[in-house]
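Produce the complete structure using the sequences and hints provided.
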Amino acid sequence: MEDQLYTTTTQCKTWSFGPTTLSNLRSSTNAAGVRSIKRGWKRARVEASSTTNTPLATTPIPSNNNTPTPIPADPSTIPDPETLSPSEELTLVNYYMLRLMAMSDIFSFPSSVKATACVFLSRFHLHHSVHSYHPKHLLTTILFLATKTENNYLSTAEFCKRIPKLTPEAVLKYEFKVAGGIGWDFEIRHPLRGADGGIMELLTALGSNSTDPGLQTLREKLGPNPSRRVTDAAGRMKGYLTKEALVSDVYYHYTPPQIFLGALWLADKELAEAYIEWRFSENSTMGRPLKKKKKEKKGKEKATEEETTAEASKPPALAPKLVPAVIACGEMMLKAQEYEKIPVDVLKRIDKKLHRCQNPQKFLGAGSPIGIGNEAPPQPKKQAEEAAPPEKKRKTEDEMFGGALK
Amino acid sequence: MSATTGPPTSGTLSNATVIRRTLPFGNGNGSNTPLSAMVAESGDIKLANDDSDASDNDDPDDLNTRTKKKYTKDRKLGEGAYAVVNLGHRRATATEPAVPVAIKKIKVNTEFRDGITMDAIREVKYLRELHHINIIALLDVFSSKNQNLCLVLEFLDSDLEMIIRDTSQTLSMGDIKSWMLMSLRGLWWCHKSFVIHRDIKPNNLLLAANGVLKLADFGLARSFADPKRHMTHQVITRWYRPPELFYGAKFYSSSVDIFSLGLVFCELMLRVPFLAGNTDLHQLELICQWLGTPTEENWPGVSTLPGYHEASGTVVKERGTDFFMNTFIAAGESGVDLLMKMLRLDPRKRCSAREALDSKWFSQEPYPTPPASLPKKGGGKGIEKVGSDLKRKAGELFNTPDERGKKVARKLDFGGGG
Amino acid sequence: MPSITSSTAAAIARARENAINRGGDADEICPVCKSSRYLNPNMRFLVNPECYHKMCESCVDRLFSQGPSQCPVVGCDKILRKQKFRKQTFEDIQVEREVDVRKRIAKTFNKRQEDFPSLKEFNDYLEEVETVTFNLLNSIDINATEAKITAFEQSNKSSILQNAAKAAQEQQFALAQREFEKEHHRRTRELENEIEASEKRERAEHKANLLRALEADNPDAEVAKVNKLARKKSSMRREHQERRARELEAARNAPAFQFMSNLNRVAEEAPPEKYDPVDGFDETNRYFVYRDKYESPWLDDTRNNKAVLAGGYLLQQYYERAVFEAFSGVGCFIEDPDIEGGEAMAPLESFDTPMIDSSV
Chain X
1 MEDQLYTTTT QCKTWSFGPT TLSNLRSSTN AAGVRSIKRG WKRARVEASS
51 TTNTPLATTP IPSNNNTPTP IPADPSTIPD PETLSPSEEL TLVNYYMLRL
101 MAMSDIFSFP SSVKATACVF LSRFHLHHSV HSYHPKHLLT TILFLATKTE
151 NNYLSTAEFC KRIPKLTPEA VLKYEFKVAG GIGWDFEIRH PLRGADGGIM
201 ELLTALGSNS TDPGLQTLRE KLGPNPSRRV TDAAGRMKGY LTKEALVSDV
251 YYHYTPPQIF LGALWLADKE LAEAYIEWRF SENSTMGRPL KKKKKEKKGK
301 EKATEEETTA EASKPPALAP KLVPAVIACG EMMLKAQEYE KIPVDVLKRI
351 DKKLHRCQNP QKFLGAGSPI GIGNEAPPQP KKQAEEAAPP EKKRKTEDEM
401 FGGALK
Chain Z
1 MSATTGPPTS GTLSNATVIR RTLPFGNGNG SNTPLSAMVA ESGDIKLAND
51 DSDASDNDDP DDLNTRTKKK YTKDRKLGEG AYAVVNLGHR RATATEPAVP
101 VAIKKIKVNT EFRDGITMDA IREVKYLREL HHINIIALLD VFSSKNQNLC
151 LVLEFLDSDL EMIIRDTSQT LSMGDIKSWM LMSLRGLWWC HKSFVIHRDI
201 KPNNLLLAAN GVLKLADFGL ARSFADPKRH MTHQVITRWY RPPELFYGAK
251 FYSSSVDIFS LGLVFCELML RVPFLAGNTD LHQLELICQW LGTPTEENWP
301 GVSTLPGYHE ASGTVVKERG TDFFMNTFIA AGESGVDLLM KMLRLDPRKR
351 CSAREALDSK WFSQEPYPTP PASLPKKGGG KGIEKVGSDL KRKAGELFNT
401 PDERGKKVAR KLDFGGGG
Chain U
1 MPSITSSTAA AIARARENAI NRGGDADEIC PVCKSSRYLN PNMRFLVNPE
51 CYHKMCESCV DRLFSQGPSQ CPVVGCDKIL RKQKFRKQTF EDIQVEREVD
101 VRKRIAKTFN KRQEDFPSLK EFNDYLEEVE TVTFNLLNSI DINATEAKIT
151 AFEQSNKSSI LQNAAKAAQE QQFALAQREF EKEHHRRTRE LENEIEASEK
201 RERAEHKANL LRALEADNPD AEVAKVNKLA RKKSSMRREH QERRARELEA
251 ARNAPAFQFM SNLNRVAEEA PPEKYDPVDG FDETNRYFVY RDKYESPWLD
301 DTRNNKAVLA GGYLLQQYYE RAVFEAFSGV GCFIEDPDIE GGEAMAPLES
351 FDTPMIDSSV
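Respectively, the protein sequence lines represent chains X, Z and U. Per this note's numbering, the first sequence starts with residue 1, numbered consecutively. Per this note's numbering, the second sequence starts with residue 1, numbered consecutively. Per this note's numbering, the third sequence starts with residue 1, numbered consecutively.
Here are a few chain U residues that sit away from chain Z, every Cβ distance over 12 Å (derived from the structure):
#1 C30
#2 N40
#3 R62
#4 I93
#5 I142
#6 E194
#7 N218
#8 D292
30 Å max Cα-Cα, derived BS3-like pairs, lysine-lysine:
#9 Z/K376 with U/K182
#10 Z/K250 with X/K161
#11 X/K173 with X/K136
#12 U/K306 with Z/K228
#13 X/K173 with Z/K107
#14 Z/K377 with U/K82
#15 Z/K69 with X/K38
#16 X/K321 with Z/K192
#17 Z/K377 with U/K103
#18 U/K306 with Z/K192
#19 U/K87 with Z/K377
#20 X/K38 with Z/K145
#21 X/K38 with X/K352
#22 Z/K73 with X/K173
#23 Z/K250 with X/K238
#24 Z/K76 with U/K84
#25 Z/K349 with U/K293
#26 Z/K107 with Z/K68
#27 U/K103 with U/K148
#28 U/K157 with Z/K349
#29 U/K274 with Z/K349
#30 Z/K228 with U/K293
#31 U/K306 with Z/K317
#32 U/K293 with X/K238
#33 X/K238 with Z/K228
#34 U/K166 with Z/K341
#35 U/K157 with Z/K317
#36 Z/K70 with X/K173
#37 X/K136 with Z/K107
#38 Z/K349 with Z/K360
#39 X/K165 with X/K341
#40 Z/K376 with U/K166
Keep in mind that the hints were calculated from the coordinates and are not lab data. Ideal Cβ placement from N, Cα and C applies to all residues, glycine included.
Encoded structure:
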């Protein structure tokens with residue numbers, strides 16, 4: 001029943017993939033992003049060549065970056081910019097996810113808000129390339145949306161007070177885009193509460209005087225002070241769950257209990273393996289109290305439930321399949337630590353590339369920025385966001401240059 | 001359901017569920033073939049023509065537009081301060097005929113400057129997860145122009161309030177039992193999914209054309225609070241609000257819904273709201289009068305609640321079986337027993353939805369009426385009324401302040417015939 | 001309540017008389033805007049039970065659409081709401097008011113004869129009620145009277161409610177009875193029509209048979225045969241119809257509760273298959289059983305916090321949720337679709353249509 005209920009969640013139904021599917025998805029999103037960059041450049045090039053004699057083209061665009069000042073002798077000779085690869089996109093998203101975490105800590109939001117915000121960001125970029133949606137423009141929006149979905153609502157005014165130069169308009173500008181971009185699936189199943197439950201249950205079992213042989217074995221493996229060892233491991237586990245689990249892809253490949261066990265495995269391998277052995281091996285009692293005792297102490301519902309099914313359902317022996325999954329999950333989280341160590345200049349290089357991609361006008365002397373968050377007139381596709389007049393203006397412009405494209 | 005439950009992969013693992021997911025929503029290549037299918041077929045992505053506008057698929061608007069195009073808007077059912085409800089249809093596809101739907105367009109609230117309103121967030125968040133025959137189905141979400149959020153909901157004919165108020169109909173105990181059973185099942189599912197509804201009242205219990213009752217309006221819902229996290233006590237329409245919320249409790253549980261549903265049960269029998277206070281204070285007085293005055297004795301710890309104040313007037317002992325048997329004799333012994341358990345003052349003493357479902361009442365004669373045979377409120381009028389219910393702001397009893405007067409007047413009519 | 005009913009009846013009679021005497025109101029004038037019905041035959045007059053000052057519909061729209069406002073009649077300081085305006089039921093405004101007051105009183109003073117040990121006491125009570133009503137109607141000792149009503153309300157809370165419930169039940173019952181009577185009449189009529197029709201048919205048939213018999217070789221014997229057959233047939237029919245009439249009559253005289261249950265649309269009285277509280281849902285937890293209490297030091301203060309507990313917060317619910325979430329999905333393994341296996345892939349909709357099924 002537990003598994004069955006999980007399969008009804010949107011997290012399972014729409015946001016769980018195998019590794020190949022996920023990387024295919026990322027590539028296709030990347031490809032789409034690259035296409036939009038190419039289109040933007042093409043358009044800009046056409047624009048540049050058709051406006052060569054206008055003052056705009058001859059006046060060098062003031063550049064506040066270190067980009068070379070464009071002297072567009074012949075825009076058509078300037079090659080398309082180098083675009084980001086899927087893995088570069090991911091690197092960038094993960095870098096901003098770390099920024100997002102730091103931002104959440106400024107507010108000292110509960111871990112649920114932080115974790116939800118991170119998952120929102122990751123899911124959003126699963127379908128939206130950074131080529132069109134630079135994560136830096138979305139962070140506050142995402143964090144603010146997460147405060148609302150996690151019942152931690154505070155007003156935008158208050159929200160903005162804590163971050164310099166932030167305006168409510170900026171926070172809300174892309175809210176619909178983000179909410180739609182994550183498919184309106186606001187409920188995220190985090191492993192945190194489950195982890196607390198699992199540890200709670202384990203400690204309770206260890207503290208009991210149960211004679212369950214599996215539990216005895218577990219106790220033996222854990223050394224002189226089992227409870228102490230579990231508590232220590234739980235502390236480290238929480239660290240993994242609130243950081244590595246979010247930065248890595250484990251939310252897509254594993255279910256919350258598996259992630260919890262993966263983090264536990266990272267915290268204490270022996271403990272995690274012994275725990276799985278106890279709970280999910282062939283002869284496990286599943287933490288059930290041995291039959292004769294305690295039954296009447298349970299709530300009515302559970303007692304009857306157990307009576308009727310005690311014989312019928314032999315707990316599934318998951319261990320052989322679960323252990324490798326948990327280890328793989330743990331290793332995946334561990335790998336995510338690399339994102340923190342990525343040298344700044346690598347990030348800078350990616351960001352610079354992206355900047356070039358998104359701003360053909362700076363290099364061609366014409367065209368308009370690609371993607372959201374640029375101060376320039378809005379992209380025709382993003383009209384819904386904008387007030388009516390600029391929208392109309394763009395449309396006519398579009399017709400003007402759109403014809404030349406065909 | 002689309003998760004493929006694969007065959008067991010190894011002999012020893014007969015119980016593991018294998019989920020093989022393809023992409024949930026393709027980045028839409030303008031074609032009808034879902035991207036996922038293409039990936040599955042060829043292992044890589046077929047790129048659309050570089051220049052075609054349809055290939056500008058890196059855009060959520062695209063998905064949004066496609067969702068939007070699945071529906072037509074027929075006519076307006078009602079408009080309120082909070083939302084506009086339209087009757088619509090899901091366009092027929094190759095495999096499915098067109099189905100009527102209700103499209104609830106949530107207005108941009110000018111007072112609320114913080115983007116998507118909390119009501120909308122909650123409603124979307126929970127309805128996307130809760131799938132049960134006794135809970136209204138959210139079919140889709142999209143945003144219209146001008147940043148209005150549109151929820152596509154299962155279309156439902158009428159609500160329980162209309163049935164209660166339509167005094168030309170007689171309601172048998174079997175009917176009442178059937179509605180209670182369906183409400184409790186819906187509530188049980190919410191609570192099982194760790195969600196508190198927080199606005200149970202007759203006009204949020206909608207009825208489908210086939211008689212099936214469904215919980216609706218999750219604008220005030222929230223999931224169970226983790227320990228030490230506060231919840232607001234400003235929830236649940238006054239007439240159905242339990243005493244702990246009037247005392248400003250910040251920590252409460254799913255038992256608030258049980259109390260509300262208990263009052264709906266009374267209302268089904270009395271055909272008027274059982275406790276209809278004009279103000280919060282008055283409502284609390286009514287609770288004290290009719291159910292009993294909360295005291296440390298019948299509700300340990302009540303005086304430690306932040307908003308607790310000693311009741312004025314005489315202290316009424318918490319009502320026992322005699323009172324309930326006298327007043328609600330029609331429910332029979334087991335029905336009265338269930339009602340009492342739902343209306344206990346001390347929230348911890350109230351039964352859970354699951355326990356309520358175990359009540360003997362449901363398995364005794366008269367048996368719950370099969371949904372299809374339940375009394376119905378006919379056609380057109382029903383549609384309008386549900387329209388106006390859906391658009392009402394959560395927790396609000398009336399569309400306009402004046403409407404309150406109307407309902408109270410209705411109450412005056414009652415018993416005035418003699 | 002006899003006294004009230006009779007006085008209402010009297011009021012209605014009085015109102016009718018008034019209307020007749022005045023012979024219509026062709027020249028009635030709206031006291032507020034002075035337009036007359038003579039000029040505007042569609043004019044409708046409305047009153048508000050706060051003060052019963054009559055005015056025309058357009059005045060109401062004009063004055064109260066923006067929200068509650070003071071009554072426009074000079075000297076009247078009542079604040080009126082548009083919602084409360086209604087058409088006059090009775091010609092005489094005094095009667096209108098009296099009916100309203102009586103309705104209000106009847107709601108509170110709803111004791112029944114069976115609530116009193118003797119008829120005398122019941123009559124005294126009615127007398128008292130009448131006094132209160134009279135005072136309200138004629139604005140005598142308003143404050144004292146209102147106090148009296150409140151006091152009565154306070155001390156009779158539960159009986160008021162119980163009687164209201166009883167009255168509601170009786171009303172339902174009466175309604176059901178009326179429905180039943182109607183149905184009974186309809187069926188009786190049907191039966192009568194049927195009898196008449198079948199008699200007519202029989203007579204025609206008999207006549208035809210007779211004619212045919214007369215043409216036969218030995219008419220006498222044939223005629224006798226035909227007559228005998230007709231007699232037999234008609235007596236059988238009559239017997240059948242009489243039985244149905246008897247059944248109808250019996251149903252009518254059956255104890256009240258019987259026709260109530262007849263009325264209920266539950267033809268499927270047969271007990272449904274075994275009651276299942278959760279409608280087929282499998283509640284078994286495969287991986288764990290809940291305990292009553294868990295080791296969790298950080299929750300100790302919550303467990304012992306009186307204000308938290310008094311609000312109804314159930315720590316047990318957190319335990320259950322946390323433990324449930326520790327295992328919900330542990331046995332689900334997410335894999336890539338099995339492309340080589342040639343497994344049929346169902347095309348996926350953009351968003352899954354929620355499955356509306358409790359069994360999952």
